[in-house]
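Asks: Given the coordinates of chain A, assemble chain B onto it according to the supplied hints.
2 protein chains.
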Amino acid sequence: MTIKLYCFGESGNSYKAALALQFSGLAWEPVYVDFFNGETRAPEYRNNINALGEAPVMVDGEFHLSQSGVIQQYVTDKSGKFGGASDAERYEVLRWVLWDNHKLSSQAGMTRFLMNFLPEDKRPAEVIGFNLGRLKAAYHVLNAHLEGRDWIVGDGITNADLSCCGYLYYPEPFGFERAEWPHIDAWLTRLSEQPGWKHPYDLMPGNPSDRA
Amino acid sequence: MTIKLYCFGESGNSYKAALALQFSGLAWEPVYVDFFNGETRAPEYRNNINALGEAPVMVDGEFHLSQSGVIQQYVTDKSGKFGGASDAERYEVLRWVLWDNHKLSSQAGMTRFLMNFLPEDKRPAEVIGFNLGRLKAAYHVLNAHLEGRDWIVGDGITNADLSCCGYLYYPEPFGFERAEWPHIDAWLTRLSEQPGWKHPYDLMPGNPSDRA
Chain A
1 MTIKLYCFGE
11 SGNSYKAALA
21 LQFSGLAWEP
31 VYVDFFNGET
41 RAPEYRNNIN
51 ALGEAPVMVD
61 GEFHLSQSGV
71 IQQYVTDKSG
81 KFGGASDAER
91 YEVLRWVLWD
101 NHKLSSQAGM
111 TRFLMNFLPE
121 DKRPAEVIGF
131 NLGRLKAAYH
141 VLNAHLEGRD
151 WIVGDGITNA
161 DLSCCGYLYY
171 PEPFGFERAE
181 WPHIDAWLTR
191 LSEQPGWKHP
201 YDLMPGNPSD
211 RA
Chain B
1 MTIKLYCFGE
11 SGNSYKAALA
21 LQFSGLAWEP
31 VYVDFFNGET
41 RAPEYRNNIN
51 ALGEAPVMVD
61 GEFHLSQSGV
71 IQQYVTDKSG
81 KFGGASDAER
91 YEVLRWVLWD
101 NHKLSSQAGM
111 TRFLMNFLPE
121 DKRPAEVIGF
131 NLGRLKAAYH
141 VLNAHLEGRD
151 WIVGDGITNA
161 DLSCCGYLYY
171 PEPFGFERAE
181 WPHIDAWLTR
191 LSEQPGWKHP
201 YDLMPGNPSD
211 RA
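In order, the protein sequences belong to chains A and B.
All residue numbers for the first sequence refer to full-length UniProt numbering, where the first residue is 1 and numbers rise by one.
All residue numbers for the second sequence refer to full-length UniProt numbering, where the first residue is 1 and numbers rise by one.
Think of the hints as simulated: they come from the structure by calculation, not from any bench.
Honestly, I wouldn't trust all of these hints.
Selected chain B positions facing chain A (Cβ under 8 Å, derived; list incomplete) [what the hints assert, rightly or not]:
hint, residue
1, V31
2, S66
3, P124
4, E126
5, H140
Simulated crosslink set (EDC-like; lysine to aspartate or glutamate; CA at most 20 Å straight-line) [to be verified]:
hint, chain 1, residue 1, chain 2, residue 2
6, B, K4, B, E54
7, B, K198, B, E29
8, A, K81, B, D87
9, B, K78, A, E172
10, B, K4, B, E62
11, A, K122, A, D185
12, A, K136, A, E177
13, B, K136, B, D185
14, A, K78, B, E126
15, A, K136, A, D210
16, B, K78, B, E126
17, A, K198, A, D210
18, B, K81, A, E62
19, A, K78, A, D60
20, B, K122, A, E126
21, B, K78, B, E62
22, B, K136, B, E177
23, B, K198, B, E147
24, A, K4, A, E29
25, B, K136, A, E54
26, A, K136, B, E147
27, A, K78, A, E62
28, A, K122, B, E39
29, A, K78, B, E89
30, B, K78, A, E54
31, A, K4, A, D202
32, B, K122, B, E172
33, A, K4, A, D77
34, B, K136, B, E180
35, B, K78, B, D34
In silico negatives: residues of chain B with every beta carbon more than 12 Å from chain A [to be verified]:
hint, residue
36, W28
37, D150
38, P195
The beta-carbon is built from N, C-alpha and C at its ideal position, and this holds for glycine as well.
Bound-form chain A, shown alone:
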């Protein structure tokens, strides 16, 4: 049975799950969620797909999972990939997935939304400035960690990489300039050269030009 991923192209959290599925070799297909027209707030989605209105949501037989990090763990359990090669690596992978949820993707996603997808007269300047400062600290941590490393944990791609990259390929401004962070830049290039890699707007349906 083909795994279904309810997702949309603008969502970096969706991308984390989609990229894990794409690299895993498991059979999967995206199901478009029309977030910007309110689909995740509508009763049909809340009742049938996700009570909290979250995306992404993965459906595979009896498993009906939300939170990108959970879907990544499911892909790891099913495929044997991306979980780390030892107990120590397994904890280190979880560490970076949590760090990303706390410090990087959560801030990047919100800041990108505020800077790009809100009407110009509703963008809260002080909040955006504050978030940009926090994001810069996160970029610094990731860039320093990647110096001398190919991947965030161990010798191959893990969910740490597939989580932290979630928002970093998007073209919309949110205070991230690849050229300023050379080790992040090289790692993003390395990841994008893996077989099967696609940009979020190519891997999932939906992108800002649909609404232009």
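Replies: Relative to the frame of chain A, chain B by itself:
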């Protein structure tokens, strides 16, 4: 060997790890981190305890772990407790730990810091107001989920409970009034009635009166 937890009382993220250790029955002791006098930014801490200046950090033999959710997973692996009773529950526990890191504790911790531990003239009003709005949405989600449930996942305490409660016992204002959220209130009471439970300021060294 006694597990050491580098932590401080004001840190809800430390509390999540300390409470898991406390309820697990494993032998552990807190080691005070003097965060407010800059210990986590000092070279000794960065070189010997944690390169990123994080707290909490757990040391148990060869394992040297950061991120409260990782320490909780380690406690689960070692004690057999708090991980959920099935694969489905295990994913559901991870879901709420990630949700907490993304939506609840991350926002509560930052907002409490801005509202209480920054000098009054440096508190960013627009950022605080924005965060209070996001927090209210998170309280709403947790309160609705706990209606009719004793615990967040399944029939007993899991890391989902031990993560989401991280900041909710603190007395300092950050937009959380227990009386407004009856199902959260009852759940916090239930948790505080478990054998061994202590308030964060009693479970770990360090609290604001030390600096008064």
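Asks: Each hint: holds or not?
Replies: How the hints compare with the structure:
1. Annotation: interface hint on B/V31 violated; nearest CB of chain A at approximately 19 Å, more than 8 Å.
2. Nearest Cβ of chain A to the Cβ of B/S66: about 6 Å, under the 8 Å cut. The hint holds.
3. Contact between B/P124 and chain A, as hinted, is supported at the beta carbon level, the nearest pair being about 6 Å apart and thus within 8 Å.
4. A hinted interface residue such as B/E126 counts as satisfied when its beta carbon comes closer than 8 Å to some beta carbon of chain A; here the least separation is about 4 Å, so the hint holds.
5. Contact between B/H140 and chain A, as hinted, is not supported at the beta carbon level, the nearest pair being about 10 Å apart and thus beyond 8 Å.
6. As the CA atoms of B/K4 and B/E54 are separated by approximately 15 Å, the hinted pair is consistent with the 20 Å bound.
7. Proposed proximity of B/K198 and B/E29 is supported: the alpha carbons are some 14 Å apart, at most 20 Å.
8. Distance check on the hinted pair: A/K81 and B/D87 sit about 18 Å apart at the alpha-carbon level, within 20 Å; holds.
9. Pair hint B/K78 plus A/E172 does not hold up; C-alpha atoms about 44 Å apart against a cutoff of 20 Å.
10. For the hint linking B/K4 to B/E62, the alpha-carbon distance of about 12 Å falls within 20 Å, and the restraint holds.
11. Of the pairs offered as hints, the one joining A/K122 and A/D185 is violated, with about 32 Å between alpha carbons and a cut-off of 20 Å exceeded.
12. Taking the CA atoms of A/K136 and A/E177, the gap is about 10 Å. The hint holds against a cut of 20 Å.
13. Under the criterion of a C-alpha separation no larger than 20 Å, the hint pairing B/K136 with B/D185 is consistent with the structure, at around 15 Å.
14. Distance hint between A/K78 and B/E126 is unfulfilled; the C-alpha atoms sit about 45 Å from each other, more than 20 Å.
15. Between the alpha carbons of A/K136 and A/D210 the distance comes to roughly 30 Å, so the proposed pair goes past 20 Å and is violated.
16. Simply put, B/K78 and B/E126 have alpha-carbon atoms about 44 Å apart, too far for the 20 Å limit, and the pair is violated.
17. Between the alpha carbons of A/K198 and A/D210 the distance comes to roughly 19 Å, so the proposed pair stays at or under 20 Å and holds.
18. This hinted pair does not check out: B/K81 and A/E62 have alpha carbons roughly 25 Å apart, beyond 20 Å.
19. Proximity of A/K78 to A/D60 is assessed by CA-CA distance (about 11 Å); at most 20 Å being required, the pair is judged to hold.
20. Restraint check for B/K122 and A/E126: the C-alpha separation of about 13 Å stays at or below 20 Å, so the hint holds.
21. Simply put, B/K78 and B/E62 have alpha-carbon atoms about 14 Å apart, close enough for the 20 Å limit, and the pair holds.
22. Restraint check: the Cα-Cα separation between B/K136 and B/E177 comes to about 10 Å, which is no more than 20 Å; the hinted pair holds.
23. Between B/K198 and B/E147 the alpha-carbon distance is near 25 Å, which puts this suggested pair outside the 20 Å criterion.
24. A threshold of 20 Å between alpha carbons decides the hint, and for A/K4 with A/E29 the separation of about 5 Å falls inside it, so the pair holds.
25. A threshold of 20 Å between alpha carbons decides the hint, and for B/K136 with A/E54 the separation of about 17 Å falls inside it, so the pair holds.
26. Note on A/K136 and B/E147: the hinted pairing is violated, with a Cα-Cα distance of about 39 Å set against a maximum of 20 Å.
27. Proximity of A/K78 to A/E62 is assessed by CA-CA distance (about 14 Å); at most 20 Å being required, the pair is judged to hold.
28. With a CA separation close to 40 Å, the supplied pair A/K122 and B/E39 exceeds the 20 Å bound.
29. The straight-line distance between the Cα atoms of A/K78 and B/E89 is roughly 16 Å, inside the 20 Å bound, and the hint therefore holds.
30. For the suggested pair B/K78 and A/E54, the alpha carbons sit about 32 Å apart, so the restraint of at most 20 Å is broken.
31. Distance hint between A/K4 and A/D202 is fulfilled; the C-alpha atoms sit about 17 Å from each other, no more than 20 Å.
32. Proximity of B/K122 to B/E172 is assessed by CA-CA distance (about 17 Å); at most 20 Å being required, the pair is judged to hold.
33. Our distance criterion of 20 Å between C-alpha atoms is met by A/K4 and A/D77, whose separation comes to about 17 Å.
34. Of the supplied pair hints, the one linking B/K136 and B/E180 holds, its CA atoms being roughly 10 Å apart against a limit of 20 Å.
35. Between B/K78 and B/D34 the CA atoms are separated by roughly 28 Å; this puts the pair beyond 20 Å, and the hint is violated.
36. With a closest Cβ-Cβ approach of about 17 Å to chain A, B/W28 is found to remain outside the 12 Å limit, as its non-interface label requires.
37. With a closest Cβ-Cβ approach of about 19 Å to chain A, B/D150 is found to remain outside the 12 Å limit, as its non-interface label requires.
38. Its beta-carbon lying about 28 Å from the closest one in chain A, B/P195 satisfies the requirement of being farther than 12 Å from that chain.
In this structure, the earlier hints numbered 1, 5, 9, 11, 14, 15, 16, 18, 23, 26, 28, 30 and 35 are contradicted, and the remaining ones agree with it.
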